[in-house]
Amino acid sequence: MSAHSITEPSSGTKWIAGILVVGYAVVTLIPLLWIVATGFKTPADAISYPPKVVFDPTLEGYVNLFTTRTRVTPEQLEALPPPEGFAEEIVRSYGMVIAGPSRFGERFMNSVIIGFGSTFLSIFLGTLAAYAFSRFKIPLKDDLLFFILSTRMMPPIAVAIPIFLMYRELGLSDTHLGMILLYTAVNISLAVWLLKGFIDEIPREYEEAALIDGYTRFQAFYKVVLPQAATGIASTAIFCLIFAWNEYAFAVLLTSGTAQTAPPFIPTIIGVGGQDWPAVAAGATLFLLPVLVFTVLLRKHLLRGITFGAVRK
Amino acid sequence: MRDLVSGFLRFRRGPWEMLATVLIGLGVVMLMQPLFLWAYTWSFIVTLAGTVMFLVVSHFPE
Amino acid sequence: MQVVQQIFENGSFMTNSVITAAAEKTPPSVARKVRGLSDRAIAWIFVAPTIFLLLAINIFPLIWTVRLSFTDYRANRLNREVEWVGLRNYERILTDDGIWMNMQATAHFLVWTIVFQVLIGFALAYLINKKFKGSALWTTIIVLPMMLSPAVVGNFWTFLYQPQIGLINYMVEFFTGIPASSFSMLGSVELAPWAIVIVDTWMWTPFVMLICLAGLRSIPDYIYEAAEIDRASKWRQFWTITIPMVLPFLMLAVLFRGIENFKMFDLVVQLTGGGPGSITELASINLKREAFEKWRTGYSSAYAVILFVTIFGLASIYVKALNKVKAR
Numbered sequence: 001m002s003a004h005s006i007t008e009p010s011s012g013t014k015w016i017a018g019i020l021v022v023g024y025a026v027v028t029l030i031p032l033l034w035i036v037a038t039g040f041k042t043p044a045d046a047i048s049y050p051p052k053v054v055f056d057p058t059l060e061g062y063v064n065l066f067t068t069r070t071r072v073t074p075e076q077l078e079a080l081p082p083p084e085g086f087a088e089e090i091v092r093s094y095g096m097v098i099a100g101p102s103r104f105g106e107r108f109m110n111s112v113i114i115g116f117g118s119t120f121l122s123i124f125l126g127t128l129a130a131y132a133f134s135r136f137k138i139p140l141k142d143d144l145l146f147f148i149l150s151t152r153m154m155p156p157i158a159v160a161i162p163i164f165l166m167y168r169e170l171g172l173s174d175t176h177l178g179m180i181l182l183y184t185a186v187n188i189s190l191a192v193w194l195l196k197g198f199i200d201e202i203p204r205e206y207e208e209a210a211l212i213d214g215y216t217r218f219q220a221f222y223k224v225v226l227p228q229a230a231t232g233i234a235s236t237a238i239f240c241l242i243f244a245w246n247e248y249a250f251a252v253l254l255t256s257g258t259a260q261t262a263p264p265f266i267p268t269i270i271g272v273g274g275q276d277w278p279a280v281a282a283g284a285t286l287f288l289l290p291v292l293v294f295t296v297l298l299r300k301h302l303l304r305g306i307t308f309g310a311v312r313k
Numbered sequence: 001m002r003d004l005v006s007g008f009l010r011f012r013r014g015p016w017e018m019l020a021t022v023l024i025g026l027g028v029v030m031l032m033q034p035l036f037l038w039a040y041t042w043s044f045i046v047t048l049a050g051t052v053m054f055l056v057v058s059h060f061p062e
Numbered sequence: 001m002q003v004v005q006q007i008f009e010n011g012s013f014m015t016n017s018v019i020t021a022a023a024e025k026t027p028p029s030v031a032r033k034v035r036g037l038s039d040r041a042i043a044w045i046f047v048a049p050t051i052f053l054l055l056a057i058n059i060f061p062l063i064w065t066v067r068l069s070f071t072d073y074r075a076n077r078l079n080r081e082v083e084w085v086g087l088r089n090y091e092r093i094l095t096d097d098g099i100w101m102n103m104q105a106t107a108h109f110l111v112w113t114i115v116f117q118v119l120i121g122f123a124l125a126y127l128i129n130k131k132f133k134g135s136a137l138w139t140t141i142i143v144l145p146m147m148l149s150p151a152v153v154g155n156f157w158t159f160l161y162q163p164q165i166g167l168i169n170y171m172v173e174f175f176t177g178i179p180a181s182s183f184s185m186l187g188s189v190e191l192a193p194w195a196i197v198i199v200d201t202w203m204w205t206p207f208v209m210l211i212c213l214a215g216l217r218s219i220p221d222y223i224y225e226a227a228e229i230d231r232a233s234k235w236r237q238f239w240t241i242t243i244p245m246v247l248p249f250l251m252l253a254v255l256f257r258g259i260e261n262f263k264m265f266d267l268v269v270q271l272t273g274g275g276p277g278s279i280t281e282l283a284s285i286n287l288k289r290e291a292f293e294k295w296r297t298g299y300s301s302a303y304a305v306i307l308f309v310t311i312f313g314l315a316s317i318y319v320k321a322l323n324k325v326k327a328r
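Residue numbers (the UniProt record's numbering), protein chains in the order written: chain F, 1 to 313; chain S, 1 to 62; chain G, 1 to 328.
For the record, the hints were derived by calculation from the structure and aren't laboratory data.
It is possible that part of the hints are untrue.
Stated by the list, open to error - With a straight-line cut-off of 25 Å between C-alpha atoms, the simulated SDA-like cross-links for lysine to any residue are:
1) G:320 - S:11
2) F:223 - G:39
3) F:300 - G:294
4) G:326 - S:19
5) G:133 - F:303
6) G:320 - S:12
7) G:133 - F:301
8) G:320 - S:38
9) F:300 - G:219
10) G:294 - G:53
11) G:324 - S:42
12) G:326 - F:243
13) F:14 - G:217
14) F:137 - F:243
15) F:14 - G:39
16) F:137 - G:53
17) G:324 - F:150
18) G:131 - G:120
19) G:324 - F:139
20) F:14 - G:98
The structure presented is a predicted model; accordingly, all values stated were derived computationally and were not measured.
Using the sequences and the hints given, assemble the complete structure.
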């Protein structure tokens, strides 16, 4: 015990701290668990009072999420061949048949295309700019960096007014390309700042040695610096992807059909008499799940990401 | 206090930046306070002045 | 190539002096020109696309907004004659009682979310810093809400807040006995401003917590050890060491949350849509109404410029705070 530091908290303190933190974590998780649970409820179970914690799980929410259904008369239902698969069966038990796929799959794919497209572009441009800012003398460097960061702070609704007009002129409204460019412009500031931090940490000696060995600057950049920055690039990419994935304001104002992403779509899923909560919850679960996984992967770099690389540990 | 005044006079960054920060803060408070309509009306000028000042004085030497 | 390999294989810089000696002998400008593009050219080639993209998608629209803010342009009527109105839009916005009320609604939201997030976030960071077993795992769990889509989560919270069937009302009844159907968090003028504060606090407390935790971890142990030797009480240590050392980090968190909540849109628009009445109509929601529902483009451009300048001012303070923390 003699080596025990005086600043080390006692085991009693640790226990109390642990219990309080775990208590907070459990409370904070309830809404998320409730989303997942509601996705597996029937509409009746979802809106029962008192709220049901124990229920018979069903895939009805997911079926409703992915299909559109039409009501048929009992006679017509009788005349149909036996249902194929569980989805038909669930739908028919409500006196309906599946009319076709819903828009959810399409909207989810839009999120994927726009998310990955803008992430790729912002990382590509961001890495180049970050390297230049990290290694070269650039006139007005600090001003440029501040300018780049300030673009991220701007309120989306205010930016959306001229973007809306500009996209209307250029025919970019409600297109994938338009959204990819827009999200790239927002994400690039984060990419440059974060990646500059990561590249600053790579010793210059590596490149200088490569230059002496006859590499050109460009070769030194992609053969020496890029592999060293791989972890940083990966975590920056995840941050950009999460932003584009979650973004709502631009999406709701600038897209309505072909390029609409999932966040503006999910709240519009309606059933009989208001929102179809199990279907909404099912959509939300599928939509939030990737982000939860990414957050766990990112946990070591979270702090950097949320402070634009200023706080490193 | 003497340092502050001489900092202002010699166009040093520190005190001027502080002044600009105070102006921006004041403007933001004026914009959102619930008490005086006139303060709300003039808040934008104050914030604008503070922001422009910040841009200029951040180029003064340390 | 050999030198590079040597460095990588040894993992050290034994050859460093040799390299620098060699490098010093070759005039850099000559050496680089021989190998193709100069550093200067590469710097420009690397930075230019980013700057160009930002100019096209941020600065050009910004200048356009400023121009429009002096006109009475309406984006839904293309053939209408556009008139130059000078500063009239600004005048009207800055003397408008309604918008002043929206600003106060924003202030209520902003101030209380910051108060709660700082108190809870700091407390959590303080507890996690006691390094109990499994603290890393629980930190990751606590952080989850912050990473999710505010619109999707906000929409689901309207379900939790339902008076008849919602989980929140049920829990309130369970713990306090107030009947669940007797109040509506999102429907009542008194409760709605607090309902949005609660959801934002739930979502963003982890953000403040993470930054505070970084602040706490940046305090070296020996300072506390020295205080212990001086027989300073724990209470005194907390106020004279912990708080001052964490303060720059806390400032950073407050400024960032302030900026984010000043322009808050997605979460609140999903929760209340600005209602009931306009009691939770924050500045951004109000601006969206003016710009995309009433289509008063010129007027809302002036509104946007006011928000821009305010945020730009706050952002410059934020960057100053950022550099202060970086220096630590």
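Verification of the supplied hints:
| no. | hint | verdict |
| --- | --- | --- |
| 1 | G:320 - S:11 | holds (18 Å) |
| 2 | F:223 - G:39 | holds (17 Å) |
| 3 | F:300 - G:294 | violated (46 Å) |
| 4 | G:326 - S:19 | holds (22 Å) |
| 5 | G:133 - F:303 | holds (21 Å) |
| 6 | G:320 - S:12 | holds (16 Å) |
| 7 | G:133 - F:301 | holds (21 Å) |
| 8 | G:320 - S:38 | violated (30 Å) |
| 9 | F:300 - G:219 | holds (19 Å) |
| 10 | G:294 - G:53 | violated (30 Å) |
| 11 | G:324 - S:42 | violated (31 Å) |
| 12 | G:326 - F:243 | holds (24 Å) |
| 13 | F:14 - G:217 | holds (16 Å) |
| 14 | F:137 - F:243 | violated (31 Å) |
| 15 | F:14 - G:39 | violated (54 Å) |
| 16 | F:137 - G:53 | holds (21 Å) |
| 17 | G:324 - F:150 | holds (17 Å) |
| 18 | G:131 - G:120 | holds (18 Å) |
| 19 | G:324 - F:139 | holds (23 Å) |
| 20 | F:14 - G:98 | violated (51 Å) |
In the structure shown, a violation is registered for the earlier hints numbered 3, 8, 10, 11, 14, 15 and 20, in ascending order.
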